[in-house]
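Participant: Chains as they are written, first to last, in this note's numbering: chain A, 1 to 86; chain B, 1 to 409.
Take the hints with a grain of salt, since some may be wrong.
Covered stretches of chain B, as calculated for chain A (at least 3 residues, CB under 8 Å) [unchecked claim]:
no., segment
1, 40–48
2, 62–75
Residues from chain A shown here face chain B by an in silico Cβ test under 10 Å; the list is partial [claimed, not checked]:
no., residue
3, Thr-26
4, Ala-29
5, Gln-48
Derived from the structure by calculation, the hints contain no laboratory data. Idealized CB from N, CA, C, for every residue including glycine.
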Amino acid sequence: MTTMELDTQVKSILTERLGLPAEAITSDARLVEDLEMDSLDAVELAIQMEREFGISIEEDALRDVGTVAEVVALLERLRSEQGVTV
Amino acid sequence: MRRVGITGLGAVTPIGIGTETFWAALAAGTNGVGPITRFDASGLPTRIAAEVKGFTPTDHLPRRDVVRTDTFIQYALVAAQEALGDSKLDIERQPERVGVSVGTGFGGIPLILATDGTLRAEGPAALSPYALPGCLPNMAAGWVSMRTGARGPIAAPTTACAAGTQAIGDAFRLVQRGDADAMLAGGADALLTPLVIACFGALRALSTRNDDPATASRPFDRDRDGFVLAEGAGMVVLEDLEAARARGAHVYAEVVGYAMTADAHHLTASSTEGAARGMRLALADAGVRPEDVDYINAHGTSTPHNDANETAAIKAAFGPHARRLAVSSTKSMTGHLIGAAGAVEAIATALAIERGLLPPTINYRTPDPACDLDVVPGHARPAAVRVALSNSFAFGGMNATLVLRRASE
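Let the sequences and hints guide you as you build the complete structure.
Facilitator: See the structure below:
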């Protein structure tokens, strides 16, 4: 999966779960300030990303993630660390 | 004590989404029962229900709210939205003076079952953090409060089939006492699942007229064989009558009396004494005489026991006047909405008063000597209604009766 594909899929998950228009989910959109995500949203997002990207995400991994682009970067890092190639 | 008016109505029912659609269907004697389409019911003794048709939650609610809620909450939110818009009440002016009271019989059974399925199949790590708040019985009231900004008293009665009536009755008291100036009140249930159908089937409470769903809900008819499970929500706005009139709000009807009684008798069978005493107490609370009552929206479930017992209770409470008033069961059209039943029936009762039209009992074919009152069979009937009752009786022997009066009196 390329970075571009990851990026598209993360944005589509956020659009679906947060019920926001696709154009609101820009790469530099901030999860809390712009997208109004709360701690429950973060847990749910992590569960869904674990399922869709075949990785495991530590409980507090999303705590330091500020923007959509940082979510994509985190996923890329975890996929590479955990040896997920598909 | 203050007088209380109904200034807004909202309904999500098997015979229509939106109050005017619902009322037009009641007035036309529309059947809401059909084969179950929500799941494969082929192995169940009852394969019919009154489903809400054509409900796409995202047509009414933000997607973000839809994915966090089970269906009963969505129904409550849609009905509350309609009732609030209808009333034109401005909650933001004094949010602490507006409360919420939403009853439910079961809460989010479908989501509980789906979550249990996920737990068994994928383990605890796969569970959504929204599963628990999505199915708690108090969360219909919680969401209505969050989405409307109402910050006054909040309640969520869970008195099964009487929950909707109790929610409105308790809200009536809160406005009457001055604990709140207005209340969003009603009930919601959405529990069409194999589990619930099978459990009611185990109680032999449901109609098994699977080959003829359109006539399965036949309250007061001799050949009635059980109730038909339904779903939906009803919400009303109750307001201090003086304040409502001062702001020029339309008042559908006035709530003038309410009572609850317990039978202390039987798990599922209501008692004549408890139901009759509830009606008498509600009339006394309203300060009206039995002879003043023109119409009763009956609990009228279409079970052999309820309809005969309710008839006997009405006779006990009203004496000779029982034969002069009209008694209809709108469950003949809607099926039994459980915790939402009393709320949609309060709406039907308020509109019967406001519009001078008694909704009928459809599917009434063969008289039953045990149910020999005027049940407004077949077709709606124009009639001047000054005072009307709405009855709800629940498992556990819990009876609730509301008294409504024409707003102009």
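Participant: All hints, please: hold or fail.
Facilitator: Checked hints:
1. 40–48: violated (count 0)
2. 62–75: As far as the segment 62–75 of chain B goes, the hint holds, because 6 residues have Cβ atoms under 8 Å from chain A.
3. Thr-26: Not OK, violated: A:Thr-26 not within 10 Å of chain B, min 18 Å.
4. Ala-29: It is violated, given that the least Cβ distance between A:Ala-29 and chain B is near 15 Å, above 10 Å.
5. Gln-48: holds, 9 Å
Consistency note: the structure conflicts with the earlier hints numbered 1, 3, 4.
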